[in-house]
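6 protein chains.
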Amino acid sequence: MFELTHRLEFSAAHRLHAESLSDEENARLYGPCNRLHGHNYVLDVTVRGPIDPTTGMVMDLNVLAGLMRARVFDELDHRNLEQDVPWLAGTITTAENVAAVIWERLAPELEGRLQRVRLFESASNFVEYYGP
Amino acid sequence: MFELTHRLEFSAAHRLHAESLSDEENARLYGPCNRLHGHNYVLDVTVRGPIDPTTGMVMDLNVLAGLMRARVFDELDHRNLEQDVPWLAGTITTAENVAAVIWERLAPELEGRLQRVRLFESASNFVEYYGP
Amino acid sequence: MFELTHRLEFSAAHRLHAESLSDEENARLYGPCNRLHGHNYVLDVTVRGPIDPTTGMVMDLNVLAGLMRARVFDELDHRNLEQDVPWLAGTITTAENVAAVIWERLAPELEGRLQRVRLFESASNFVEYYGP
Amino acid sequence: MFELTHRLEFSAAHRLHAESLSDEENARLYGPCNRLHGHNYVLDVTVRGPIDPTTGMVMDLNVLAGLMRARVFDELDHRNLEQDVPWLAGTITTAENVAAVIWERLAPELEGRLQRVRLFESASNFVEYYGP
Amino acid sequence: MFELTHRLEFSAAHRLHAESLSDEENARLYGPCNRLHGHNYVLDVTVRGPIDPTTGMVMDLNVLAGLMRARVFDELDHRNLEQDVPWLAGTITTAENVAAVIWERLAPELEGRLQRVRLFESASNFVEYYGP
Amino acid sequence: MFELTHRLEFSAAHRLHAESLSDEENARLYGPCNRLHGHNYVLDVTVRGPIDPTTGMVMDLNVLAGLMRARVFDELDHRNLEQDVPWLAGTITTAENVAAVIWERLAPELEGRLQRVRLFESASNFVEYYGP
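Residue numbers (my numbering), protein chains in the order written: chain A, 1 to 132; chain X, 133 to 264; chain Z, 265 to 396; chain C, 397 to 528; chain U, 529 to 660; chain E, 661 to 792.
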């Protein structure tokens, strides 16, 4: 079994704010992340499977890249994650939650091959999600 | 003459919008950057001068780092550049303009040694400013 | 159990072309990768095992690095993967297939400790192989 | 299940020297690493767990970062690993052994969530430890 | 005066071979680079000028990026520099020469603002050209 | 005129300590850098000149790389800069001073073409020296 990963970057604004908490609790819990700010996010999507002997590939890399572009980049890049993205409305946009929602968007089109969604908020912090 | 550079990163939200232009002109000119988004900015500040023979340094690196932290990081990190930063109010926050304003904030405390402000918006785009 | 990884880079030319397909099918399947081009490949080889209490090491890093140099770098660096490398002749040189062949070359000398071969074609695309 | 990683860097001096071996054996085994030298180490600590639905986080990233700073950075940064760090005294400071000791220091405070300690000595060599 | 830089990457095959030299001289002079191989080239193009007060930009970054894509990327990416690119025919494709030819292609469209072409062949070797 | 740069890395221990100052002054001036520690230094050496029309090169990159290896890497790598390197004895090993001494070692062999020595102590701090 092989794992094939494609990476893309997108730039977005966000803030961490839990509706179920008071402003004081939000400020204490999330610290500066409770304020509106932004990141150059880096997204690594990994598919897993055997090699197709005809093509020598786990899957067509152009298909994977095109799917990531259409389902993620085109909807998140240069946007405010809380306000501009219907499928993130009401979600606390921690890297954990964003990675999980990206999984949900990509998995149905990857026929059981999706193995890992890794999302870097910065060079110092990232999340890896292996699915439900 | 030697040049000494210190680097720091900050995460901020911004959008490009010129008050003097119509919404249509802004959208056409700035494209997706006209929408609120954000970056992990990387800031390189360079000072230039001879080595102090007693210390072997152009200047005390801890002083430079402390100045960058106090004058830039503490005011821009995890903020919306247009709305949260008084000294950027009314400025179109292109990398060029932000670099120039950072120069103005740092130069008075660096006694003529400030040589270059370099600001990366992303891995693909950066600006270098050598002063007025 | 510990995993120890050594990284090296090599520069090589290649193209993706399946003998079993027509020229039109090759062009459609592989897109620009069907044309001769090249990469700075990055190869990460990971060995897994317990620490030797005498040395504090999973294995001698110099031995691992020397093996990677002799078996991979010296044969692939600054070469055309399809035409200059006997052990790749007839292989479609996708990252998947190259990683698998590198595994076959290194595994017999690593006494069951080889854990992962990771091969980056570029900053955006890489493959991980965990063995047959 | 999600995995959350925080990264920090520290700069330290060390040498590889096994008390149980002769000077000749040490020189042959460790090569140049038997001489005092140093690194900019990069440490990735990964915790694993479900998302807390109230906060959207596996754990509070500020708590993880603070723990890594207090237990690792403040004790190793700008020090000689063999001579200045009581909890490394008598340890051969291979990346394997340092990673294992860092695991031991962090695990008791992470309530079973510690998943991986990854330690880079350089851009070319790193170790991953998944615990005893 | 400000300097604005945009970066892009392209993957290409090449070999160093001087028609004016014998095969033996080519092999001795260029070493392994005399064999066909390839790189992930990184190209930084820098323009210099004052800020347009209306837009806050040295020049429209989308225009610069589009020009680099049309004049460089679309013609060099996934190609053999010696055989597939008419404007490199007969040129020894050292990084120096490729940078100079890229300058010639871009300068006429940049109205005197082109300041620097920087071309990385690998993480270890790059060339900077400031024009004739 | 072209500028050609080659990069190499070396790992070394050092501490900052001025003989002319008291222990208290050294501790206050250099902070943690007054303690023995170490770095993965990155060294960029740049030569400047016209292209040789026969070879297409500013200078033979293998000659430059070999010179950097012999004069710098082989003498500094995996060593204590203060104690193991005769030509650094008595020098306060700030990045400024080390860059200047590297310049002095390389310039006589580069026939007036040496343009810049850039030395990174870490990802956050580096020095550039353009000669006396």
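One or more of the hints may lead you astray.
Said to hold, decoys possible - A few chain E positions that, by computed beta-carbon distances, are all more than 12 angstroms from chain X:
no.: 1; residue: N686
no.: 2; residue: G709
no.: 3; residue: A725
no.: 4; residue: R731
no.: 5; residue: Q743
no.: 6; residue: D744
no.: 7; residue: R776
no.: 8; residue: R778
no.: 9; residue: V787
What the hints assert, rightly or not - Label pairs and their calculated CB-CB ranges:
no.: 10; chain 1: U; residue 1: S652; chain 2: A; residue 2: G66; range: 44 to 54 angstroms
no.: 11; chain 1: Z; residue 1: S386; chain 2: U; residue 2: E552; range: 33 to 43 angstroms
no.: 12; chain 1: E; residue 1: V723; chain 2: A; residue 2: L8; range: 24 to 34 angstroms
no.: 13; chain 1: Z; residue 1: S386; chain 2: C; residue 2: A423; range: 37 to 47 angstroms
no.: 14; chain 1: Z; residue 1: E368; chain 2: A; residue 2: A123; range: 47 to 57 angstroms
no.: 15; chain 1: U; residue 1: S548; chain 2: A; residue 2: G131; range: 52 to 62 angstroms
no.: 16; chain 1: X; residue 1: G163; chain 2: A; residue 2: T91; range: 46 to 56 angstroms
no.: 17; chain 1: U; residue 1: Y658; chain 2: Z; residue 2: A387; range: 45 to 55 angstroms
no.: 18; chain 1: X; residue 1: G198; chain 2: Z; residue 2: E373; range: 28 to 38 angstroms
no.: 19; chain 1: C; residue 1: A466; chain 2: Z; residue 2: A334; range: 41 to 51 angstroms
no.: 20; chain 1: U; residue 1: S550; chain 2: X; residue 2: G244; range: 55 to 65 angstroms
no.: 21; chain 1: C; residue 1: D470; chain 2: Z; residue 2: A371; range: 39 to 49 angstroms
Simulated from the structure, these hints should not be mistaken for laboratory data.
Just so it is clear, the structure is predicted and the values come from calculations on it, not from any experiment.
All residues carry an ideal CB built from backbone N, CA and C; glycine is no exception.
Query raised in the report: Checked against the structure, which of the hints given earlier come out wrong?
Result: The structure breaks hints 1, 7, 8, 9, 10, 12, 14, 16, 17 and 18; every other hint is satisfied.
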